[in-house]
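Please build the complex by placing chain B on the supplied structure of chain A, with the hints as guidance.
These protein sequence lines are chains A and B, in that order. Mapping to the numbering used here: the first sequence position 109 is 109, numbers consecutive. Mapping to the numbering used here: the second sequence position 370 is 370, numbers consecutive.
No lab work stands behind these hints, which were simulated from the structure alone. Think of the CB as a built atom: it goes at the ideal place given N, C-alpha and C, for glycine as much as any other residue. One or more hints might be untrue.
Said to hold, decoys possible - As a list, the in silico SDA-like pairs of lysine to any residue whose alpha-carbon atoms are at most 20 Å apart:
id	chain 1	residue 1	chain 2	residue 2
1	A	Lys-146	A	His-60
2	A	Lys-190	B	Ala-323
3	A	Lys-190	B	Lys-414
To be verified - Where chain B lies over chain A, by a calculated footprint (3+ residues, C-beta under 8 Å):
id	region
4	158 to 165
5	176 to 186
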Amino acid sequence: MMNLFHKNFFAMNTRFEVVSYGKDAEIFSEIFDSIEKSIKQLEMIISCYNSESQTFRINHSQTIEFCQTSEDLFEIISVCEKYKHSTFGCFDYCLDNNFVYDSRNSTIGQNQIKVGLDKSNYLFRFTEKGLALDFGAIGKGIALKKVSEILEEYHISNCFISFGESSILTRGKHPHGPFWPFSIIDMNDKTKVHGNFQLNNHCVSTSATFQPDGKNHIIDPRKNKLVDQKNMISVKSGCPIEAEVLSTALLVAGNEEQKDVLKNFKNYEIIEINNDSKPTVRIING
Amino acid sequence: MVKDETRREFIKIGGLVAMASFFPWLKVLGQENKSKNPSDLVKLGFIGIGSRGYGLMQNVIYMINNDKINVEITAVCDDYQPHYERANKDCGNPKVKAFKDYRKLLEMDEIDAVIIATPLYNHAEITVAAMDAGKHVFCEKSISKTLDQAKAMYDTHIEKNKILQIGHQRLFNPRFVEGIERIKKGELGIIGQIRAYWHRNGDWRRPVPEGHPELERKINWRLYREYSAGLLTELASHQIQVANWALGKVPASVMGTGSIRYWKDGREIWDNVANIFTYDDGTQFIYDSMISNKKYGLQEQIMGDLGTMELETNKVYREKPPAAPGIRELINDIEHSIFDNIPIGGATWVPETAVKYKGEYITDNWEVNETKLQLEAFVQYIRQGKAPEMLTREGYNAGIWTLLAEEAIDTGKKLEMPEKYII
Numbered sequence: 001m002m003n004l005f006h007k008n009f010f011a012m013n014t015r016f017e018v019v020s021y022g023k024d025a026e027i028f029s030e031i032f033d034s035i036e037k038s039i040k041q042l043e044m045i046i047s048c049y050n051s052e053s054q055t056f057r058i059n060h061s062q063t064i065e066f067c068q069t070s071e072d073l074f075e076i077i078s079v080c081e082k083y084k085h086s087t088f089g090c091f092d093y094c095l096d097n098n099f100v101y102d103s104r105n106s107t108i109g110q111n112q113i114k115v116g117l118d119k120s121n122y123l124f125r126f127t128e129k130g131l132a133l134d135f136g137a138i139g140k141g142i143a144l145k146k147v148s149e150i151l152e153e154y155h156i157s158n159c160f161i162s163f164g165e166s167s168i169l170t171r172g173k174h175p176h177g178p179f180w181p182f183s184i185i186d187m188n189d190k191t192k193v194h195g196n197f198q199l200n201n202h203c204v205s206t207s208a209t210f211q212p213d214g215k216n217h218i219i220d221p222r223k224n225k226l227v228d229q230k231n232m233i234s235v236k237s238g239c240p241i242e243a244e245v246l247s248t249a250l251l252v253a254g255n256e257e258q259k260d261v262l263k264n265f266k267n268y269e270i271i272e273i274n275n276d277s278k279p280t281v282r283i284i285n286g
Numbered sequence: 001m002v003k004d005e006t007r008r009e010f011i012k013i014g015g016l017v018a019m020a021s022f023f024p025w026l027k028v029l030g031q032e033n034k035s036k037n038p039s040d041l042v043k044l045g046f047i048g049i050g051s052r053g054y055g056l057m058q059n060v061i062y063m064i065n066n067d068k069i070n071v072e073i074t075a076v077c078d079d080y081q082p083h084y085e086r087a088n089k090d091c092g093n094p095k096v097k098a099f100k101d102y103r104k105l106l107e108m109d110e111i112d113a114v115i116i117a118t119p120l121y122n123h124a125e126i127t128v129a130a131m132d133a134g135k136h137v138f139c140e141k142s143i144s145k146t147l148d149q150a151k152a153m154y155d156t157h158i159e160k161n162k163i164l165q166i167g168h169q170r171l172f173n174p175r176f177v178e179g180i181e182r183i184k185k186g187e188l189g190i191i192g193q194i195r196a197y198w199h200r201n202g203d204w205r206r207p208v209p210e211g212h213p214e215l216e217r218k219i220n221w222r223l224y225r226e227y228s229a230g231l232l233t234e235l236a237s238h239q240i241q242v243a244n245w246a247l248g249k250v251p252a253s254v255m256g257t258g259s260i261r262y263w264k265d266g267r268e269i270w271d272n273v274a275n276i277f278t279y280d281d282g283t284q285f286i287y288d289s290m291i292s293n294k295k296y297g298l299q300e301q302i303m304g305d306l307g308t309m310e311l312e313t314n315k316v317y318r319e320k321p322p323a324a325p326g327i328r329e330l331i332n333d334i335e336h337s338i339f340d341n342i343p344i345g346g347a348t349w350v351p352e353t354a355v356k357y358k359g360e361y362i363t364d365n366w367e368v369n370e371t372k373l374q375l376e377a378f379v380q381y382i383r384q385g386k387a388p389e390m391l392t393r394e395g396y397n398a399g400i401w402t403l404l405a406e407e408a409i410d411t412g413k414k415l416e417m418p419e420k421y422i423i
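So that you can see chain A by itself, here it is in the shape it has in the complex (with noise of 0.2 Å):
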């Protein structure tokens, strides 16, 4: 007996789920309910809808003179400004309030400097009012990461793990065969296959401009409007934090800009389906 587990939870609006093998049912429940506690404690730095949770209470304060945040929240702001220098904007995490809370249009001014931060006494302050903090684009790879500590302090070598199923984090292999072997399905076909990856100790992450109601919901920050093309866009790379980033930034950039973007990461595999006519697929490697 190869001892399967199988556990799942609520987190962060969608389900949370572990695969894996190989160890006693009693570990894995010690490991599980450690990662369930770590993605909990996140959830309640980062969300922006939790009203008891540190960003919810910064935005709903609209400050823009500083104000303390804790340190965990910090560093998650400073790994944020540092993808969203690497994506030139593309990615953002602090956008339109109206956007992050009402699903309107832009109404403030465009300002490339949102945030003033303070790196020694870990102080922030939006630069206008109006803006809100979004981890959306992020979240998932920052807990992802966090899990892949857990996994590694437990020295777990086999594991598939989905986040809402739209992020993916595997260590090792499948038990019958050499690699997790993955398809990106069709949004609105789930028998329709764009693609596969073959994953040993990687990550997928997979965004989509429009939700399966058809609307498009990626904001462009730079421009403060929504993406309007269909495009879906998943990225099978080493780090979950950056297959989060890229596979929002680059549905943002579109194909020229792309290149740029793609210029500040490695080591990085990316089927892009374009679905405003017929579904077609791009892949890239780098």
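Only chain B this time, still in chain A's reference frame:
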């Protein structure tokens, strides 16, 4: 919210026939041992036509006029003049016989069955007399005012081989039937606790005609211990029935407390009650009812280690989310030594568009007239000559435990069911 069309369609095409596939008590329909042909005219007598009795009668009239069900309201009876006159006028049958003494109605040989909606304290007397007179009986809940009365009703039902259906209409509501079927299949896991409550904010009085204070106890019989156990028999009995049904057993014990906290207007029944029923497996059923606050309304919460059902609002909440289809495939593949693609990559799965998980509906068919459905079933049972025994037992046990809850409050003791009332 289910659209009206859905509800109407359900009633029209569904009715009892469609629902028989999953209503345990309707599966008996169509079995042999019919005492009448399906098309035979069923003659009903109504005894007690106050607010509830009048409502039941209106449902039957609707069934006659709209569903073309072959039923006649042959006789009506009420000893309160305004109700007597209203029933006589509104029953839809110009040839109806109207009585003030139920014994006269029971003398009518052509009546197949009676529907009893009198004050609680005389349910037993009329029910036993009706079955002695060869009638099938539908009696409103709760079954009776005393334990001995309930037992006498049950024993007569067995002895005379007559239908005794108690008006616990949730037994005919699709969301309760489906929800409890799913509970029995283990969807909620091990049930540890049931919580139920019924809160209203009002004096629970019915208007007494000006200048006739002598009618107070007759009209407001629910407020006096001689006639009723108040909130327990008139409200809680429904929810005790649901708890027993969900667990498939009756409690092992009950304790409780009650008070007149708010409506200090001369009434005798408690306006504020709380009971704890304990089942033999350790499950606790925590119940309370009050009539001076309505914020929390009415609910039955069935809580297991895998999930919670809130039956009044048609909701089920899982403790854990359902596995993604792709994950289910992966697990199946691993268990069967298959190495195949994991079809899972796509946009983020969300349980709903809402930010917080708000559960799922138990069934789409939840806006139904359960009172009408139970009366439809009663008519079918009359033609059949029998009803599922479980229906009678549900009504009996709910009534017995309602009365034990009252006694537990009265005595301050933790009570068990006396041997002689076990059926």
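Hints versus structure:
1. About 27 Å separates the Cα atoms of Lys-146(A) and His-60(A), which puts this hinted pair outside 20 Å; it is violated.
2. The straight-line distance between the Cα atoms of Lys-190(A) and Ala-323(B) is roughly 16 Å, inside the 20 Å bound, and the hint therefore holds.
3. For the suggested pair Lys-190(A) and Lys-414(B), the alpha carbons sit about 57 Å apart, so the restraint of at most 20 Å is broken.
4. Look at the region 158 to 165 of chain A against chain B: 4 of its residues bring a Cβ nearer than 8 Å to a Cβ of that chain, three or more, so the hint holds.
5. For the region 176 to 186 of chain A, the stated coverage by chain B holds: 9 residues have a C-beta nearer than 8 Å to a C-beta of that chain, and at least 3 were required.
Hint violations for this structure: numbers 1, 3, all remaining hints satisfied.
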